[in-house]
Structures are given as C-alpha cells and as structure tokens.
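Q: In order, the protein sequence lines correspond to chains E and Y. Residue 262 in the numbering used here sits at position 55 of the first sequence; the count goes up by one each step and never skips. Residue 656 in the numbering used here sits at position 49 of the second sequence; the count goes up by one each step and never skips.
Any given hint could turn out to be false.
Listed below are several chain E residues computed to face chain Y (Cβ distance under 7 Å; list not exhaustive) [to be verified]:
| no. | residue |
| --- | --- |
| 1 | 436 |
| 2 | 452 |
| 3 | 454 |
| 4 | 530 |
If you're looking for bench data, these hints aren't it; they were derived computationally from the structure. Since the model is a prediction, treat every value here as computed from it, not as a measurement. Cβ coordinates follow ideal geometry from the N, Cα and C atoms, glycine included.
This is what each chain is made of:
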Amino acid sequence: MKNNKLTIAISGLNNVDSPGPGIPVIRGIRESKLFESRIIGLAYENLEPGPYMHEFVDKTYKVPYPSEGVEQVMERIEYIHELESVDVIIPNFDSEIYAFIRLADRLNRMGIRTFLPTLKQFEERHKSNLPQFGKTHGVKVPQSVAVTSFEEIEDLKRDEKIGFPLMVKGKFYDAYKAQNLEQAFIYFNRISARWGLPVVIQEFIKGTEVNVVALGDGNGQTIGAVPMRKQYITDKGKAWGGITLDEPSMLDFARHLISSTKWRGGIELELIRTPDNELYMIEINPRLPAWVYLAVAAGQNLPEAMVLLATGNDVLPFTDYEIGKMFIRYSFDMICDLSEFEKLSTLGEL
Amino acid sequence: MKLKKNLAISETGFVFDPSTGDSYTLNTTGLEIIQMLREGKNPEIITRKMTKTYDVDANTFERYYYDFIGMLKQMQLVAPDEE
Chain E
208 MKNNKLTIAI SGLNNVDSPG PGIPVIRGIR ESKLFESRII GLAYENLEPG
258 PYMHEFVDKT YKVPYPSEGV EQVMERIEYI HELESVDVII PNFDSEIYAF
308 IRLADRLNRM GIRTFLPTLK QFEERHKSNL PQFGKTHGVK VPQSVAVTSF
358 EEIEDLKRDE KIGFPLMVKG KFYDAYKAQN LEQAFIYFNR ISARWGLPVV
408 IQEFIKGTEV NVVALGDGNG QTIGAVPMRK QYITDKGKAW GGITLDEPSM
458 LDFARHLISS TKWRGGIELE LIRTPDNELY MIEINPRLPA WVYLAVAAGQ
508 NLPEAMVLLA TGNDVLPFTD YEIGKMFIRY SFDMICDLSE FEKLSTLGEL
Chain Y
608 MKLKKNLAIS ETGFVFDPST GDSYTLNTTG LEIIQMLREG KNPEIITRKM
658 TKTYDVDANT FERYYYDFIG MLKQMQLVAP DEE
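Okay, chain E solo, but in the shape it has when bound (with noise of 0.2 Å):
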C-alpha cells in the first residue's frame, strides 16, 4: 500500500428506503486494515441522512446534479479538492457515472483517481442495448426496445414484436410491469414525466429475480462476485433483506461478463432465473450496489478493494465467501440538531 491515509468521496449519501449505496460503500472502507479513511460527502439535498452520520461522513459538500452541467460539476471537484486534497472518488448513482467517467482525466491530471468503466462500456450496457449487449457478450437478455412516444408501444404490441405483460423501465430507475396497453400508457407517463425518454419497453421473463455484485478490474479479471437473492422486497422493489447464495452459474455469469467487456468498476448485475434455470440479463447498474455491505459481510470488501486499484495498488482476486450470509435493513430515526440543518443548508458545507 502506497498510502495509509485517504480522502476519499462518496456520494449517493440518501440512506432513505430507496438508498443510494454511499454508507455500505463507506462502511466497507471504514473497515479497511490497509489504510486509514478521510471521507468526504457529496451530497445532493440537505435531508440526505448521510451528511448527519458523523461516524461515517467526516464532512459534507454540496454538489450541484450533473444535467446542471459537467463544467458545474468539475467546479465545485475543484473547490473541495482545494481544502480537501481529494485522493479518490467514488461516484455512487447511475446519473453521474457519465459526468465522472467524462471528468476521469481531468481528475486523474489534479491526482485525483477514480475506477469507473470507459465510455463504451458504460454506454452498451444501456437498457435500451441489451439486445445487442446480449448478442455481443453471448448472454441470454430479454428483448427491450428503447421508445419516445406511447404510439411506439402501440406499434409494437400491433407488430406482435413484443407481447403482454411487458416491463416499462425509466432510463435510470423505476420499473414497472403492465398487463395490457393501458397499464402501459399509465406507466409510460409516469416514468416520462420523472425520469425523461426514451421509456424502455423490455420483455418480461417469468422466474425468481437474483443479483450478483462483483469488481473488475479493467483487464478482463474479476477481483470478486457475490451472489445475493432479495428475500423482502419494498413497494419500490428495493432489497429490504436478502441471503447470499451458493450458486457457481451465477459466478460463472458473472466472471464471463466481466472477461468479456473487460469491465472496470464496481456492478451489479439483475438476472432473472426461469423455472428451466436458464440466467437472463435483465440490468447492468454500473456501480456497486446499495447492498455491497452484504458482500463485505461475507468476506469480500469489495469497496477496500475498489480505493485499492484506484490508487494503482496490485488486489489478489477474491476467492470465498460466506454463503447463507444475511442482510435485514431497517429504518432508525437519527437526531440532529437544527445548527447542523442550518449550516448545509446556506453554506453547502457540513
């Protein structure tokens, strides 16, 4: 290890219902026995709880949302970098990826490291590509076409190129199953008005939904992979519990993918396993999810070895877990006082 004290940013700091995976990512760096820790939030609002996690945020930035613009965005990297010395960022949301993958370069010239996947990968694995993700990387993948206009649906249905029920997908975040065209119109406008087009129209695969959060490490190599299968899922079908599995085909998923993009960073991948057991594709996040703690659990901190290959540190593959390994999430109410409230608020700055 090159150097045993980080500073290092997170964000994605909205440990609410729906969490962004910021606090499991830092819980996992805050256990590293490689070196020590100075985290540095990013927030984005001021009733994100993680800013007030004093255990686990040392100080919080506001930043501004990456379609406010990258130049904003490298602005503010700029400033806290400044009073910071910003050793590593860890971008934890799907919409800022880009803007960071865009700004790695810059960054890297000030010394400040990132591992996020090249523009390419981060770009193929787009809902809307499966098909051809799929076809590309040999991976079973449901049909999913990326639509602007509920007519787009419509023809679609006619043209008999996809049939009911289907999956209507943000381009983000937000999934929804329709049963026939008018479900579709409802969610095809609820998802357009919060998230934007295209809307994607994917094929539903009936069976059990599994997950595999692995690392990369840009040369074809997967430094580790835990499967995990929610056992409570919320009304926003978030993970509230889930297991770790002893399933080597998932792996073995897992490892090919990765072998085949090359991909570099953090994932998480969403299979769906039909009855016959066959693995279908149905989302890249292409981020550590907001379960990554679960994987710390069971012996792979994926994090601590993710700040490791940013700061070009040579990380020996993972080779074991814990399986039967459990996760159960649970709300708690934080007390904080309203100085605290008031300083984020009109200074930006916790």
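Starting from the known structure of chain E, arrange chain Y on it as the hints suggest.
A: Just chain Y, lined up with the frame of chain E:
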C-alpha cells in the same frame, strides 16, 4: 431418492437451500425422515423405522410419506436427476 447435495439441515429442523436462498422449518417427524433420506435409506426401511417408533400403520404412513416426498420435489429440494 436423493436430496440436493448442498442442502443445509440443522438439528432444530431448519433447512436452508443455498442455491435459492429459500429456508424451511420441519417438525420432528419431518426432520427424522429427511435425516434418513440423507443417509440413503430406502422407503421400506424408513417405513419400518417410523411405524415402529410411532403409532401409525404402514399404509397410512406411506400415504403421508409420498405426500412429503412430493412436497420436497415441488420445492426443488431433491437432486436434479431424481426429480
């Protein structure tokens, strides 16, 4: 009939299938039968043992036994080549 190889069965009757993440709870007689299945005992031996231990005749037990086996198959707890 063989049970799935990686099935974890505790002495309290808790059964965990690590390939699906599903778990089940057995009563004491269910646990006894599962343990005998795991030891590779055939239905005749299991029936003899159970009718000797409990107040049940062979015909009645067999009916319950094959119901139980059907449930194990439905829950995919038996080895794939045995389904």
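Q: Against this structure, judge whether each hint is valid.
A: For each hint, the structure was consulted:
1. 436: holds (4 Å)
2. 452: With a minimum Cβ separation of about 5 Å from chain Y (threshold 7 Å), the hint on residue 452 of chain E holds.
3. 454: Where the cut-off is 7 Å and the nearest Cβ of chain Y is about 5 Å from residue 454 of chain E, the hint holds.
4. 530: Status holds, d = 5 Å.
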